[in-house]
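**Q** If you want the building blocks of each chain, they are given just below.
Protein chains: 2
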Amino acid sequence: MHEHDTPPADPSRRSFLGKSALAGLAGAGVTMGLTACQDKQSTTPAQTPANAQGDAKSAPHGKFDVPPGQLDEYYILSSGGHSGDVRIYGLPSGRTIKEIPVFNIDCMVGWGITNESKAILGTKPDGSAKFKTGDTHHVHGSYRDGTYDGKYFWVNDKLNSRVARIRGDTMECDKITQLPNVQGHHGLFPDKRDPVKADINYTTRVFAGAEFHIPLPNQGAGLTDTAAYGCLFSCLDAETMEVRWQVRVDGNMDLVATSYDGKLAASNQYNTENGVHYEDMMPAERDACVFFDIARVEAAVAAGKFVTIGDSKVPVVDGRSQANSDPKTALTCYVPVPKNPHGVNISPDGKYFVCAGKLSPTCTVIANDRVQAWFRGELKSPRDCVVGEPEVGLGPLHTGFDGRGNAYTSLFLDSQIVKWNVEAAIKQFQGDKSAKVILDRIDVHYQPGHGYTSMGETKEADGKFFNSGNKFSKDRFLPVGPLHVETEQLIDISGDKMVLLHDHTAYPEPHDAIIVRRDVIKTRQIYDMKEFPHAVLDPKSQKIERNGKKVTVYLASQAPAFSMREFTIKQGDEVTIILTNHDKVEDLAHGFAIPQYDICFIVNPQETKSVTFKADKPGVFWCYCPHFCHALHLEMRTRMIVEKS
Amino acid sequence: MHEHDTPPADPSRRSFLGKSALAGLAGAGVTMGLTACQDKQSTTPAQTPANAQGDAKSAPHGKFDVPPGQLDEYYILSSGGHSGDVRIYGLPSGRTIKEIPVFNIDCMVGWGITNESKAILGTKPDGSAKFKTGDTHHVHGSYRDGTYDGKYFWVNDKLNSRVARIRGDTMECDKITQLPNVQGHHGLFPDKRDPVKADINYTTRVFAGAEFHIPLPNQGAGLTDTAAYGCLFSCLDAETMEVRWQVRVDGNMDLVATSYDGKLAASNQYNTENGVHYEDMMPAERDACVFFDIARVEAAVAAGKFVTIGDSKVPVVDGRSQANSDPKTALTCYVPVPKNPHGVNISPDGKYFVCAGKLSPTCTVIANDRVQAWFRGELKSPRDCVVGEPEVGLGPLHTGFDGRGNAYTSLFLDSQIVKWNVEAAIKQFQGDKSAKVILDRIDVHYQPGHGYTSMGETKEADGKFFNSGNKFSKDRFLPVGPLHVETEQLIDISGDKMVLLHDHTAYPEPHDAIIVRRDVIKTRQIYDMKEFPHAVLDPKSQKIERNGKKVTVYLASQAPAFSMREFTIKQGDEVTIILTNHDKVEDLAHGFAIPQYDICFIVNPQETKSVTFKADKPGVFWCYCPHFCHALHLEMRTRMIVEKS
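Respectively, the protein sequence lines represent chains Y and U.
Counting in the numbering used here, the first sequence runs from 1141 upward without gaps.
Counting in the numbering used here, the second sequence runs from 1141 upward without gaps.
Isolated chain Y (complex conformation) (with noise of 0.2 Å):
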């Protein structure tokens, strides 16, 4: 055996690396398993204290700076826009911890290719994923007690009116819900609590707000009507993924936003002009942003004041304004906002909705009590439930809130990130020409989208980072030919003055975020084997069953090889692989791969996961790991051998 001619740095680290791997590597009986390191760790790393130090022999780091063996302080969730996927990275280092396979395809998950993820995603008649394209905006989680319980994610599918949803623990999407009669879903948010039973104090409902105005139904009839093309508002029940209800409303919708009570969902709109050329969704000097009154929606869904839509079931109830012009009654309050607003977030006090002009270089502050005041009758118009209208700056898109009064606003035409203070633009809203509502702006690289601040959509904002996501960056990153990877930039927001820390990169295009606290996630590191009812429990019971020209392969993996070394089908059998992954170490997943047969998949370890396909190729097939495991990850295959029929 060797010797190493420098100590090891150290030595308690190396432990449990080193010599007997080898040992065992070089007999005939390879140890399973050794692999990897051999720490089997009880408790996740964020439990882990941060070494300030990082790593012996790294090189001195900047005091954003995540040092070698430093973890992040926060999650960020982010949407990955017509990628289709949702993003995990920490901050403050931007660094991409996870893309999760959501609404696009991911050949190295397999998603879109197993069989558990193609039951998510639906299927065609052919047994392929009914989709392969997805357009994700907004990510949002799950509340308890108006803050983040860490239990789900949701996530929108703009281009195919889907509703995803992705479990913390897991951090894995489990469920697709396709909204019906629903075009361009482009607004997501998860309510905080329940409008009127007071011990839920959790998330039960997801809203969804439609951007598109199309015929109801939209089947070939009225295609040209445009003055009848109508737009809902969905409500999803967060545990079964079914929509409970829709709401037919006037204009187009964008984003969604709840009240910390559970009693109001919101959606800012714009082109309430029902435009369909872009020159008529703007001449209004107005748009709205529209309240919907959870409790009489559910109440009015109870006592059958509902229609359905063509094929669906789902209960649709009447929220246009001509149908609720009594407020006492009203199921919606059409807010009017200047002009085309983009985006529409509550301040973490829950006393503030914000809509942002767009067109208009303002922002507009409306009251949650107002709104509900409005609700009972006691205001006399719609807008008097706004109490501060700031200018801004040009094209504002989107706020976040730091919990100390003040908001943050991107500026899509200036490229700038302002800070203004909500109360202040209430008091100049009220006259005061003294308020100081502007107190600092920031060059961001170039035209914000997003932005969005620690733990902001909570009430625990703390009011450490924001997040501008930009829609160009331009000359900040190596250019790479005319497809430019997006910016994200990282700005310090707890002192007076902002400050820029980082410019990050992110596949094209997220859009929005949340910046959750690393303590509120809890993932399991390793799946339990048996909450899959086809596990392959033991490597021993491998076996191949066959139905007449239906063949299953029951296999499992443990490093560096599957149970079985080959196995046998018939050209023009229908086979089905299950594959166990019996390796119990965190981080070791396997794969499998199978040539000209568009197969690959990973199974992480104690998961199961299956393919299905038509054996129509006849030969030698080496199905082998594609995901490095082991010092024989190369030797690690399996033979598919197909006869000819």
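Hints are not guaranteed to be accurate.
Claimed, not checked - Quick list of in silico lysine-lysine cross-link-like pairs, DSBU-like style, CA-CA up to 30 Å: (1) U:Lys1784 x Y:Lys1270; (2) U:Lys1757 x U:Lys1690; (3) U:Lys1784 x Y:Lys1203; (4) Y:Lys1453 x U:Lys1710; (5) U:Lys1264 x Y:Lys1264; (6) U:Lys1757 x Y:Lys1754; (7) Y:Lys1724 x Y:Lys1258; (8) Y:Lys1270 x U:Lys1710; (9) Y:Lys1754 x U:Lys1270; (10) U:Lys1270 x Y:Lys1270; (11) Y:Lys1754 x U:Lys1453; (12) U:Lys1520 x U:Lys1567; (13) U:Lys1270 x U:Lys1710; (14) U:Lys1754 x Y:Lys1264; (15) Y:Lys1453 x Y:Lys1491; (16) Y:Lys1757 x U:Lys1453; (17) Y:Lys1662 x Y:Lys1337; (18) Y:Lys1690 x U:Lys1270; (19) Y:Lys1689 x Y:Lys1599; (20) U:Lys1754 x Y:Lys1754; (21) U:Lys1468 x U:Lys1445; (22) U:Lys1453 x Y:Lys1258; (23) Y:Lys1757 x Y:Lys1690; (24) Y:Lys1757 x U:Lys1754; (25) U:Lys1784 x Y:Lys1264.
Stated by the list, open to error - Beta-carbon label-pair distances, calculated as ranges: (26) U:Ser1785 x Y:Gly1444: 35 to 43 Å; (27) U:Gly1262 x Y:Asp1377: 16 to 24 Å; (28) U:Gln1570 x Y:Lys1724: 43 to 51 Å; (29) U:Gly1262 x Y:Ser1785: 20 to 28 Å.
Treat the hints as calculated values from the structure; they're not laboratory data.
We put the beta carbon where it would ideally sit given N, CA and C, even for glycine.
With chain Y fixed as given, assemble chain U onto it according to the hints.
**A** Leaving out everything else, chain U in the frame of chain Y:
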């Protein structure tokens, strides 16, 4: 108009942003292309001097951080493993600047969705992309005079035996070739000059090594006659991407390297035992590194000394050892190397090939001139080509070079990078016991696979950085459930001791990469409209052409509108949409997404793309721009009206 409360930080920057934009928006005739910044850059960012201070208002940074506004010094072009893509990172920042879809499906770009990408990927009878999976391992660039010329990059697909080419000017994949009679195409390397013609001092061939041995042809005969299984080494033409010839070899092949003089290609080999179960792939104490005499191979092909296999027309010469026992006429030389070696790399001075031992704690140094001497019949045995075999540590896999005579080898089992001196190793092999071979070791986290140095695969190796691609990240990042991201660790190798700089993340699972100086890469940042034969050159030439049931829609995009506001087709039509992006501003991409029709793609500035689909659903479908382009991005839509048949 509003006034800014605080003055802009950089007035020159602000001159191209700002108020004129809103003025344009407010009118009925919204200014086309105001969008984004108006600064038309005639130079690419890499030509701009880096701002060593970064932006005003940014926080202080460590020595190797890249502050906001500053550019990276190097490109890393990395494989994506079974994600099927290629990524470009900046170095030293570790930021992912681009993800190039290659063998995967990508709904952001529209890869696997547009007609243009499907023409490159190949299609099934139903018109969908032939494969949606791939497994990229090794990215290498085209050479001129021993260093990168930035023209092309190639990458393998181990899963479906393909070679893809990426254009250096656009950083997009432009050609894919499937290798005949090959399974598990693992290693890939371009040549560096012609073996015969001295004036060809640039890449004209790409070599590809196959890992899995299979029946030849693999059509259902000889399924279990494993002794007759075979493996082919392939040569493609760098320009046409056609397969020029193949060589049948003994054993499995892994990586590929080429000599700087153009005369040799090499591939490390495990499983010279031809085993089909992993324990049968290990008993031999030595496997081999096989060398190919390129000139002789091509002379044999020219002389007609070849066979063809199955349906393939590609000439296949016999490179098995039995047929090549006379060195003076041999096409191949099998140099014995212990034990299941992994990786072969050539030193920047062109003198030495280094194979890592994987199951032996050694690296084997093979002299280029000795191999050529063997081919001239001047050596007794191929093993005489070996000039060094230092013990380096457990599980050596891959080796990089610093251009100062030192090698850096990743140790999978030891989780270290070991720095060793090549000439000292040669002296030690010659019996000099005082030779100081091992110079330094550094822990990495955890289980490194590939490691590579800045410009280390060229004669311009500069010895500044080593990047370690680690296969397990375990506790290095915040926990995100059972699926972990990979760790990339950047190491400063400019001094005597290695210094760890950063931990970065990478979506599983990058294998190999190259680190390229930024001046090498010369990208175009905007396409030339005329290079697309179907470009809609004049937005006014928008039209719908009908030919029976085949309908072609010619569209142009210019922010914030598509040239046609709506278009009407009939249910059952086969519709082709051709879209040309008329915006000329760098980074101003548009997208085109059709709800329910599973269509999503982007068009970069001055680019043209098309899609073809069956209009099987009647109704109104709002085709929208999914790539944020303009303040009126949401309003950028066109209606596809599908009349019921």
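**Q** Against each hint, give a clear statement of whether it holds in the structure.
**A** Hints, verified against the model:
Between Lys1784 (chain U) and Lys1270 (chain Y), the direct Cα distance comes to roughly 22 Å. Compliance with the 30 Å bound is thereby established for this hinted pair. A threshold of 30 Å between alpha carbons decides the hint, and for Lys1757 (chain U) with Lys1690 (chain U) the separation of about 16 Å falls inside it, so the pair holds. Between Lys1784 (chain U) and Lys1203 (chain Y) the CA atoms are separated by roughly 63 Å; this puts the pair beyond 30 Å, and the hint is violated. Among the hinted pairs, Lys1453 (chain Y) with Lys1710 (chain U) is consistent with the structure: their alpha-carbon atoms are about 28 Å apart, no more than 30 Å.
Taken as a hint, the Lys1264 (chain U) and Lys1264 (chain Y) pair is honoured in the structure, with Cα atoms around 16 Å apart against an allowance of 30 Å. Between Lys1757 (chain U) and Lys1754 (chain Y) the CA atoms are separated by roughly 29 Å; this keeps the pair inside 30 Å, and the hint holds. Between the alpha carbons of Lys1724 (chain Y) and Lys1258 (chain Y) the distance comes to roughly 26 Å, so the proposed pair stays at or under 30 Å and holds. This hinted pair checks out: Lys1270 (chain Y) and Lys1710 (chain U) have alpha carbons roughly 23 Å apart, not beyond 30 Å.
At roughly 15 Å between alpha-carbon atoms, Lys1754 (chain Y) and Lys1270 (chain U) fall within 30 Å of each other, so this suggested pair holds. Straight-line distance between C-alpha atoms of Lys1270 (chain U) and Lys1270 (chain Y) comes to about 17 Å, which keeps the hinted pair within the 30 Å bound. For a cut-off of 30 Å, the pair hint linking Lys1754 (chain Y) to Lys1453 (chain U) stands: about 28 Å separates their Cα positions. Only pairs whose Cα atoms come within 30 Å are accepted, and Lys1520 (chain U) paired with Lys1567 (chain U) is accepted, the gap being roughly 21 Å.
A C-alpha spacing of about 28 Å is found between Lys1270 (chain U) and Lys1710 (chain U), which places the hinted pair at or below 30 Å, so the restraint holds. Between Lys1754 (chain U) and Lys1264 (chain Y) the alpha-carbon distance is near 15 Å, which keeps this suggested pair within the 30 Å criterion. At most 30 Å may separate the alpha-carbon atoms for a hinted pair to count; Lys1453 (chain Y) and Lys1491 (chain Y) exceed this at roughly 36 Å. Between the alpha carbons of Lys1757 (chain Y) and Lys1453 (chain U) the distance comes to roughly 20 Å, so the proposed pair stays at or under 30 Å and holds.
A hinted pair counts as satisfied when its Cα atoms are at most 30 Å apart, and Lys1662 (chain Y) with Lys1337 (chain Y) qualifies at roughly 28 Å. Annotation: proposed proximity of Lys1690 (chain Y) to Lys1270 (chain U) holds, straight-line Cα distance about 24 Å (limit 30 Å). Of the supplied pair hints, the one linking Lys1689 (chain Y) and Lys1599 (chain Y) is violated, its CA atoms being roughly 59 Å apart against a limit of 30 Å. For the hint pairing Lys1754 (chain U) with Lys1754 (chain Y), the CA-to-CA distance comes to about 25 Å; that is within 30 Å, so the pair holds.
With a C-alpha separation of about 16 Å, the suggested pairing of Lys1468 (chain U) with Lys1445 (chain U) holds against the 30 Å cut-off. Note on Lys1453 (chain U) and Lys1258 (chain Y): the hinted pairing is violated, with a Cα-Cα distance of about 39 Å set against a maximum of 30 Å. The suggested pairing of Lys1757 (chain Y) with Lys1690 (chain Y) holds, with an alpha-carbon distance near 16 Å, which does not exceed 30 Å. Distance restraint check for Lys1757 (chain Y) and Lys1754 (chain U): the Cα-Cα separation of roughly 29 Å lies within the 30 Å cut-off, and the hinted pair is therefore satisfied.
Straight-line distance between C-alpha atoms of Lys1784 (chain U) and Lys1264 (chain Y) comes to about 22 Å, which keeps the hinted pair within the 30 Å bound. At about 37 Å, the CB distance of Ser1785 (chain U) to Gly1444 (chain Y) agrees with the hint of 35 to 43 Å. In this structure, Gly1262 (chain U) and Asp1377 (chain Y) break the distance hint of 16 to 24 Å, their C-beta atoms being roughly 44 Å apart. The given range of 43 to 51 Å is respected by Gln1570 (chain U) and Lys1724 (chain Y), whose C-beta atoms sit roughly 47 Å from each other.
At roughly 25 Å, the beta-carbon separation of Gly1262 (chain U) and Ser1785 (chain Y) lies within the given 20 to 28 Å, and the hint holds.
The earlier numbered hints that this structure contradicts are 3, 15, 19, 22, 27.
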